[in-house]
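Visitor: Using the hints, build the complex out of the two chains.
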Amino acid sequence: MTLQEKIHVERIDKNRIRIPKTGKMRVDGIVYVDESLYKNIADDMCLTQVQNVATLPGIQKASMGMPDIHWGYGFPIGGVAAFDIETGVISPGGVGYDINCGVRLLRSDLERDEVTPHLKKLAASLYNHVPSGVGQSGPFPRLGEKDYQKLLTSGATWAVEQGWGERDDLAHIESGGTIPGANPNEVTKRAKDRGRDQLGTLGSGNHFLEIEYVSEIFEDDTANAIGLFPNQICVTIHCGSRGLGHQTCDDHIAIMKEAARRYGIALPDPQLCCAPITSEEGKTYFQAMAAAANFAFANRQAITHNVRQAFAEILHKSPSELSLRTVYDVCHNIAKMETHHVDGKEKRLCVHRKGATRAFPPGHPEVPEAYRKIGQPVLIPGDMGRYSYVLVGTGQAFDETFGSSCHGAGRLMSRKKAAQSTRGRSLFQEFEQQGIVVQAASHRTVAEEIPEAYKDVADVVRVVEAAGLAKIVAQLKPIAVVKG
Amino acid sequence: MPYTLIDHTADMGIVVHATSRKHLFEEAAVAFCDVICDAATLLPTSQRMVHASGKTNEELMQSFLSELLFLFETEHELYPHAILRKITETSLEAELLGEKVDVKRHEIKTGIKAITYHQLAISHDHDTWKAHIIFDV
Chain A
0 MTLQEKIHVE RIDKNRIRIP KTGKMRVDGI VYVDESLYKN IADDMCLTQV QNVATLPGIQ
60 KASMGMPDIH WGYGFPIGGV AAFDIETGVI SPGGVGYDIN CGVRLLRSDL ERDEVTPHLK
120 KLAASLYNHV PSGVGQSGPF PRLGEKDYQK LLTSGATWAV EQGWGERDDL AHIESGGTIP
180 GANPNEVTKR AKDRGRDQLG TLGSGNHFLE IEYVSEIFED DTANAIGLFP NQICVTIHCG
240 SRGLGHQTCD DHIAIMKEAA RRYGIALPDP QLCCAPITSE EGKTYFQAMA AAANFAFANR
300 QAITHNVRQA FAEILHKSPS ELSLRTVYDV CHNIAKMETH HVDGKEKRLC VHRKGATRAF
360 PPGHPEVPEA YRKIGQPVLI PGDMGRYSYV LVGTGQAFDE TFGSSCHGAG RLMSRKKAAQ
420 STRGRSLFQE FEQQGIVVQA ASHRTVAEEI PEAYKDVADV VRVVEAAGLA KIVAQLKPIA
480 VVKG
Chain B
0 MPYTLIDHTA DMGIVVHATS RKHLFEEAAV AFCDVICDAA TLLPTSQRMV HASGKTNEEL
60 MQSFLSELLF LFETEHELYP HAILRKITET SLEAELLGEK VDVKRHEIKT GIKAITYHQL
120 AISHDHDTWK AHIIFDV
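Protein sequences appear in the order of chains A and B. In this text, residue positions in the first sequence follow numbering that gives the first Met the number 0: the first is 0, and each later residue adds one. In this text, residue positions in the second sequence follow numbering that gives the first Met the number 0: the first is 0, and each later residue adds one.
If we strip away everything but chain B, and leave its shape as in the complex, we get (with noise of 0.2 Å):
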């Protein structure tokens, strides 16, 4: 997994890492997910398409894990699965595929509260990028 979970006393972090920009978002979503609930776990049975958009690219990824997040709470999905269809320096669109959460099947680890701007870097060294995000749960 291309992700490892950063030790924060109070709430809970990731490092995620890709081979490009567009890879380091869709890799962010397993992540994101993961923490939630065993990604593996997750089938792609359901699809829908996010739009997010920021000035940075911390703002970017904010925003776009924020659009999983609201997925999450309002309809109770999980989307590991992110294509990027369209990426530019201020925005994305992603197909996301994922399903709705069953307690059966899903063990939910961890609540998250929000995307925290708290640390959140955005760093690539040739094709070697880096997430460092921090979740308020």
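Looking at chain A on its own, in the form it has when it is part of the complex (with noise of 0.2 Å):
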């Protein structure tokens, strides 16, 4: 790939810049940065990126880019872009390999002196009820082509049915933890066969389980109404689709990269493979895709279990006693369909969020009731040293960004030069210095995903709240690590 031009950006305010239509550009691209986050990307082939999306058709009002941008395949991580659901196309490379990678939160009634004597045994514990790493079989018997049917199509309903949560979980999962329009006919075999023994388990990289506490409260009323308060230990999940998701995405983008030559969209990089919404290529991917992130809504339901499952093993309290009850799950990687005005019109558009959450208002219908008065939860999970934030969409967004805001903090550092400035340090031994247990499947990982090699997700949320995307409401902080 050669090094991308200088491209010409305009500052827009304190918290955007433009990159101004030109040459096949259909709209702007608009990036949400302040001056601090700008110097990380202004060489980075991100705004490339942005250039480059806002070449495909029928996408609407801009290409844009969250505070955590960076590049990715073709589309930005952090990227958002809006297609009309008739002119507009649907790409797998806007979506992401991990299909419906997201994070689930949970708040207990424990508060962190409660816990802190059983650390070490409660993290030894969901280690072991939650498989993580390389090549890890899950805890629930492997899946079978009547499962895949029922699950693929209901997502989290179906791992409720099977006694692994409650009703309430659902209440309170983005689209109530099934995408409707899932199609479990379109996820091939081989997506299958490597999802197959994979229900339940975390994966390995960045995905992890963390144990934390409440360690601020930034808006008290609406913490209130979330039901966090000050030094309440809370669980955050983060993982996405397995390799059903991922083989999925690898299929498709095959199917893709014929279409688009089929159907003669141009594409200023193959990555970007696409086809019209409204073609069989682009019903069948998104009826996949759909079906994948219900395997990723079903796997962190099946995890949220096995984590009752440990706290209730470790502490011996009852599960009314735990209360250990959903927040809120949110996909960060996802297609999907919705209404928004545009041009003062409705429309219905196929928005991609790949790294980026969706921050719906105060409001609106597919908000839980629970939440109406305050805005949809946000899930923004930081680093495994520092800390994550919880926030709440606003109306700002939902007129700007099609309700959405960023997803986590994005990497500073390559994996190999983490691994290297970890040589002959103890990071197990730091990370307790630190008051924080780890339990990891490989020393590598946890080497690769040192706090170091990740930006301050502060930086990336402070940026969110100025330009107006989401309000901040509480920052939570890791006291115990479960990774792959």
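Please note that a few of the clues may not be correct.
Said to hold, decoys possible - What follows is a set of in silico ranges between Cβ atoms, one per label pair, in the way DEER data are often shown: (1) A:365 / B:99: 39 to 47 Å; (2) B:55 / A:279: 22 to 30 Å; (3) A:180 / B:103: 40 to 48 Å; (4) B:103 / A:424: 20 to 28 Å; (5) A:395 / B:50: 48 to 56 Å; (6) B:103 / A:86: 51 to 59 Å; (7) B:103 / A:10: 52 to 60 Å; (8) A:10 / B:124: 43 to 51 Å; (9) A:253 / B:88: 14 to 22 Å; (10) A:262 / B:102: 46 to 54 Å.
Claimed, not checked - In silico DMTMM-like cross-links for lysine to aspartate or glutamate, where the CA-CA straight-line distance does not exceed 20 Å: (11) A:416 / B:33; (12) A:256 / B:57; (13) B:54 / A:257; (14) A:416 / B:6; (15) A:454 / B:6.
Read the hints as simulated data drawn from the structure, not as lab findings. Every residue gets a Cβ at the ideal spot worked out from N, C-alpha and C, and that includes glycine.
Guide: Here it is, written out as structure tokens:
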């Protein structure tokens, strides 16, 4: 790949830059970065990618980048692009390999002091109950075709029907834990084989399970409505659709490459391969993507069940005493069919969020009733040593970014450099000195995931809030991390 | 080891070198396994045949390494030793030798989600062949 030519950008305000529409771009590019975050990306290919996405047919308003933007495959990570469902395209690159990689937050009635004496045992129990790491089989029976038909259609609902959760969980998951329109028959046997014994597993890389405490509350009433209080013990689950999703993306990239050529869609980058949403290829990709997304929802539900088991086992408390309830569960790699206003008209759009999180406002019917007055919770994980954040969506995000926000911090350092920088260090001891117990399948993964390898997520959420896309409600700090 | 790691911020990549097209695929199998776990610790106790196809060298490489990934994810087996029994412009058949991963002997270093098309390039200059491959991890 050649280095990008210097792109002409204009600063709109303290939190946004514009890449004006030029050449084959159909809309402007708008990236939500302040001066400090802009310095990280000024020479990054992601701005070229924002430009490239802006050339795709049917794109609405702008090709957008969230404050954690960095370069990805075709579409940037931290990218948001919405397409008219009649005239626009759908692209696997706009979703990512890990379909419905996302985050679930559980809250409890426990306080930090109650859990700290049991932390090592609890972390070990979580590690046993929730397999992580490469090549690990899940704790649930292998999925057969009948299981798949229901699971891929109904997602988290299927998991609750197996006894792995409550109806209340479903009410607190994006889209109720089911993306409608899924077709299990559009998921290949190869993809199903990859996912067959992976239900209930975390995977590896930057996926994790974390016990944390609420370290700071920024909006008292909103935190109260969400059920958060200072020093409260919470659990965050970060994972996606595992091998089934990865393979589904792979299967459809091959189809879309050919489809883009056949439909005469000019691609500045072959990885933007896409097809009209209304085409056979577009429809089958959406149906398969929705099915894979449902696998991820079911996976996070199954993991939630085992987290509850681990807590009950170690703390010898009943479920009602623990009250480990789902705060919310968000997707950050997905394409959703949504209704938005464009130029004063209501339009049905296919919104691609790749490394971006939905952030719907107060009053929106898709926001759970419990949160309708405050807005949809937005869960933004940080690195394994610092903090994560809970925010709520706003009307401004709905107006400007199709109700979208950032998804995390983004890497600063390559895995190779991170691993090299930890040579000779006793990482697990270092974390323990900071008060964080780490259980990991691979020392190497921990080395690659050290906090210094990541940007500070506080810088990212600060811009999100300053830009009016979401409001910061609470900060959470880790005390135990389980990694693959 | 005839491959080098590419320093990529978010993911991981390799550059593989070989003295022939056939050999490039064989070395890529070693490199793929070595990214996941030290390939030298994998014994050739199991055997499988795989087929791969693609319209270009790049697609063929992606297809071939995807077969190895599939075996790792579904059977928990790694096959660093690939002997190409047949190779044409658009397909190959390889005999694979390797074994099931044993956590007592094999330290797993990295998980690979997919063999991407991102910067995927195969080039050659006379008998020097090179493959540039990025994995989504």
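Visitor: Would you pick out the hints that fail for this structure and give their numbers low to high?
Guide: none
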